[in-house]
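Undergrad: For reference, the chains in residue letters:
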Amino acid sequence: MGRSSLGGAVLRGMLLTLVVLFFLFPILWVVLMSFQTNETILRIPPSLLFEPTLSNYTALISGKLVTNAGTLELAFMNNLKNSVVLSTVSVALALLLGVPAAYAFARFRFRLGENIAFTLLSFRFAPPLLVLLPLSLYFRQLGLTDTWVGLIWVYQLIALPLILWIVRGYFEDISPDIEHAYRIDGHGWWRTFTRIALPLARPGIAAAGLLAFIFCWNNFVFALILASADKQPVTVGALAFVTASGIQYGQIAAAVMLSILPTLLLALYAQRYLVEGLSLGAVKG
Amino acid sequence: MATTAGIVFPTAPRQSFGRAALPYLLSLPALLVCIGILVPFGTAVWYSLQRYNMNLPMMRGFVWFEQYTQLFQSSAFWNTVWVSLLYAVFTVGAELLLGLGIALLLRRSTWLNNMLSIALLLPLMVAPAIASLMWKLMTHPDFGIFSYLLSLVGIHDFRWASAPSSALFTVILVDVWVYTPFIMILLLAGLRSLPRQPFEAAELDGVPASFVFFRITLPMLMPYIITAALFRMLDSIQQFDIVYAMTQGGPGNSTLLFQVQAYLDFFKNFNVGRSAAMLMVLWLIANLISTQFIKHWLRLRERARGGAA
Numbered sequence: 002m003g004r005s006s007l008g009g010a011v012l013r014g015m016l017l018t019l020v021v022l023f024f025l026f027p028i029l030w031v032v033l034m035s036f037q038t039n040e041t042i043l044r045i046p047p048s049l050l051f052e053p054t055l056s057n058y059t060a061l062i063s064g065k066l067v068t069n070a071g072t073l074e075l076a077f078m079n080n081l082k083n084s085v086v087l088s089t090v091s092v093a094l095a096l097l098l099g100v101p102a103a104y105a106f107a108r109f110r111f112r113l114g115e116n117i118a119f120t121l122l123s124f125r126f127a128p129p130l131l132v133l134l135p136l137s138l139y140f141r142q143l144g145l146t147d148t149w150v151g152l153i154w155v156y157q158l159i160a161l162p163l164i165l166w167i168v169r170g171y172f173e174d175i176s177p178d179i180e181h182a183y184r185i186d187g188h189g190w191w192r193t194f195t196r197i198a199l200p201l202a203r204p205g206i207a208a209a210g211l212l213a214f215i216f217c218w219n220n221f222v223f224a225l226i227l228a229s230a231d232k233q234p235v236t237v238g239a240l241a242f243v244t245a246s247g248i249q250y251g252q253i254a255a256a257v258m259l260s261i262l263p264t265l266l267l268a269l270y271a272q273r274y275l276v277e278g279l280s281l282g283a284v285k286g
Numbered sequence: 013m014a015t016t017a018g019i020v021f022p023t024a025p026r027q028s029f030g031r032a033a034l035p036y037l038l039s040l041p042a043l044l045v046c047i048g049i050l051v052p053f054g055t056a057v058w059y060s061l062q063r064y065n066m067n068l069p070m071m072r073g074f075v076w077f078e079q080y081t082q083l084f085q086s087s088a089f090w091n092t093v094w095v096s097l098l099y100a101v102f103t104v105g106a107e108l109l110l111g112l113g114i115a116l117l118l119r120r121s122t123w124l125n126n127m128l129s130i131a132l133l134l135p136l137m138v139a140p141a142i143a144s145l146m147w148k149l150m151t152h153p154d155f156g157i158f159s160y161l162l163s164l165v166g167i168h169d170f171r172w173a174s175a176p177s178s179a180l181f182t183v184i185l186v187d188v189w190v191y192t193p194f195i196m197i198l199l200l201a202g203l204r205s206l207p208r209q210p211f212e213a214a215e216l217d218g219v220p221a222s223f224v225f226f227r228i229t230l231p232m233l234m235p236y237i238i239t240a241a242l243f244r245m246l247d248s249i250q251q252f253d254i255v256y257a258m259t260q261g262g263p264g265n266s267t268l269l270f271q272v273q274a275y276l277d278f279f280k281n282f283n284v285g286r287s288a289a290m291l292m293v294l295w296l297i298a299n300l301i302s303t304q305f306i307k308h309w310l311r312l313r314e315r316a317r318g319g320a321a
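Protein sequences, first through last, are from chains E and S. The first sequence begins at 2 in this note's numbering and counts up one residue at a time. The second sequence begins at 13 in this note's numbering and counts up one residue at a time.
Hint data in this document are derived by calculation from the structure and do not stem from the laboratory. Don't be surprised by glycine CBs; every beta carbon is placed ideally from N, CA and C. Treat the hints with care, as some may be off.
Covered stretches of chain E, going by a simulated chain S footprint (3 or more residues, C-beta under 8 Å) [what the hints assert, rightly or not]:
{"#": "1", "segment": "24 to 37"}
{"#": "2", "segment": "40 to 48"}
{"#": "3", "segment": "119 to 130"}
From chain E, some residues computed to sit far from chain S (all C-beta separations above 12 Å) [said to hold, decoys possible]:
{"#": "4", "residue": "Glu-52"}
{"#": "5", "residue": "Ser-63"}
{"#": "6", "residue": "Leu-73"}
{"#": "7", "residue": "Glu-74"}
{"#": "8", "residue": "Leu-94"}
{"#": "9", "residue": "Arg-112"}
{"#": "10", "residue": "Gly-144"}
{"#": "11", "residue": "Trp-149"}
{"#": "12", "residue": "Pro-200"}
{"#": "13", "residue": "Lys-232"}
{"#": "14", "residue": "Ser-280"}
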């Protein structure tokens, strides 16, 4: 691969341009749509020349959609708020539960330890509907359908296995010698855990937390089946919005943008952790 | 595997009860939160052995494996198996080829390549259900940019997700758009972690590039490729979001994947028993794949560790 001819470089550049076009054009095009009115969206042929308008975003943010037929109430901002609450609280809880467990699996060999770890991992791989459908009946009986508690509990299925396995890998990669030395100095395991192990594993915890947040934010099927209308996150809300708004394409595009912007920005801001987390610690070295 | 409860460090002359219990205490909360999920799982198994339609509560009864035998005799079930298989094979195949190609293009760690690999991760950050919405906007027959671009090359009647003949292709396209970056980033990390010596030796000897690729790069990368493929296969055979948001299984039965079919059986036909049996079959398939995946993944981890030492 060291021998690069001019022809090879040109070919490489063309292929890369095609790749970038395929993967980024859809996002760019929806951004453009979100700043247009229906009239300019529906023009044929489509044109890049239009007068940008913020009306789609103001309609979504104010929650009032003014159409020829009258004013329509929009709950989209509520969906956005729900996504923030659901993802943040779920990940915080999963970190609280998952990091100590990951430490236990990494540092101690104990009976059933490996079995418990694999049981937790296997939740990640089972078809979600298998538990969600019976759960929807239970939630109705237990009165959990309209609560945060129920949803956040079930969201642990998304966040917890992920955090457990990524953070465990990180703890295993850190040599226990430093902790060992600290303990010989006469410190208890709790101090060792919080003062030595946790700070050393911080990049792994950040990567796992970031990835878990993105998975929670992007989840669709859990809330589709279990959440009542006023608890639905953006993924479910955006779909309902399409049905409700009918042919307001500009607003649909704006709703799509508001739904994906948080994860896109987060990914760009914390790209290093993202790449680390995505490779699941499998290919570090 | 250790058979006795013990602590690897520090050196404890005698193990007190507190020490032995510590790992359990640390992992118990996480386990307890998840264990609640085992109850609905048991319920699902129980439902799959019943004739249970929410519209006909009088008919409910325990029927052993009748749901399964009926399932295996119905053409609708085999259609679901076929569609799911097509979906899994084509998405994973296309994503592997594309992901490997892009990883090879971005292999050298330059500033531009690293910027591009981050930019190309963006589709993976889009919720799959929302990605379907985006592609719906772009393939709309009236104003969709892709419908327009096709009309420029003389194709006027391609109806994307609204025609039975092209619906499966359209949802596969969305899946490829969302998940190729995942394969790309895994294989890129794999490529960059390969030892340099074989490649330097090949270059010194003037070995042709195709030979280097098929005899050195590909075999050395194979563990990464298999791990990535199994992982995607596992998700792909269970895909729901993209298809539900795009077509809801239609038109007709052209995109009825396992989970979509089970969802419709439960919420549209109220046939809890058949829905549960369908999901149990999917669970078995997923279990087979995930066992293989975990095996490969652990081996890869070991190798990465050993290589680093």
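Undergrad: Look at each hint and say if it fits the structure.
TA: Here is how each hint holds up against the structure:
1. Against chain S, the segment 24 to 37 of chain E contributes 7 residues with a C-beta closer than 8 Å to a partner C-beta. That satisfies the three-residue criterion, and the hint holds.
2. A count of 6 residues in the segment 40 to 48 of chain E with a Cβ less than 8 Å from any Cβ of chain S is obtained; the coverage claim is therefore met, three being the minimum.
3. Residue count for the segment 119 to 130 of chain E with a Cβ under 8 Å from a Cβ of chain S: 11. That meets the three needed, and the coverage hint holds.
4. A cut-off of 12 Å between C-beta atoms confirms that Glu-52 of chain E is not in contact with chain S; the least separation is 17 Å.
5. Distance check on Ser-63 of chain E: its Cβ is at least 22 Å (rounded) from any Cβ of chain S, clearing the 12 Å threshold; non-interface status holds.
6. Even its closest Cβ contact with chain S, about 19 Å, leaves Leu-73 of chain E beyond 12 Å, as expected for a residue assigned away from the interface.
7. Listed as outside the interface, Glu-74 of chain E is consistent with that label: its C-beta sits roughly 21 Å from the nearest C-beta of chain S, beyond the 12 Å cut-off.
8. The Cβ of Leu-94 of chain E does not lie farther than 12 Å from every Cβ of chain S; its closest approach is about 8 Å, which violates its non-interface assignment.
9. At the 12 Å boundary, the C-beta of Arg-112 of chain E falls inside the reach of chain S, the nearest C-beta of that chain being 5 Å off.
10. The claim that Gly-144 of chain E is not at the interface with chain S holds, since no C-beta of that chain comes within 12 Å of its own (minimum 16 Å).
11. The Cβ of Trp-149 of chain E lies farther than 12 Å from every Cβ of chain S, with a closest approach of about 15 Å, so its non-interface assignment holds.
12. Against chain S, the non-interface label of Pro-200 of chain E holds: every CB pair exceeds 12 Å, the least being about 18 Å.
13. For Lys-232 of chain E, the non-interface assignment is confirmed: its Cβ lies about 17 Å from the closest Cβ of chain S, beyond the 12 Å cut-off.
14. At roughly 5 Å from the closest C-beta of chain S, the C-beta of Ser-280 of chain E falls inside 12 Å, breaking its exclusion from the interface.
The structure fails hints 8, 9 and 14 (numbered hints given earlier, in ascending order).
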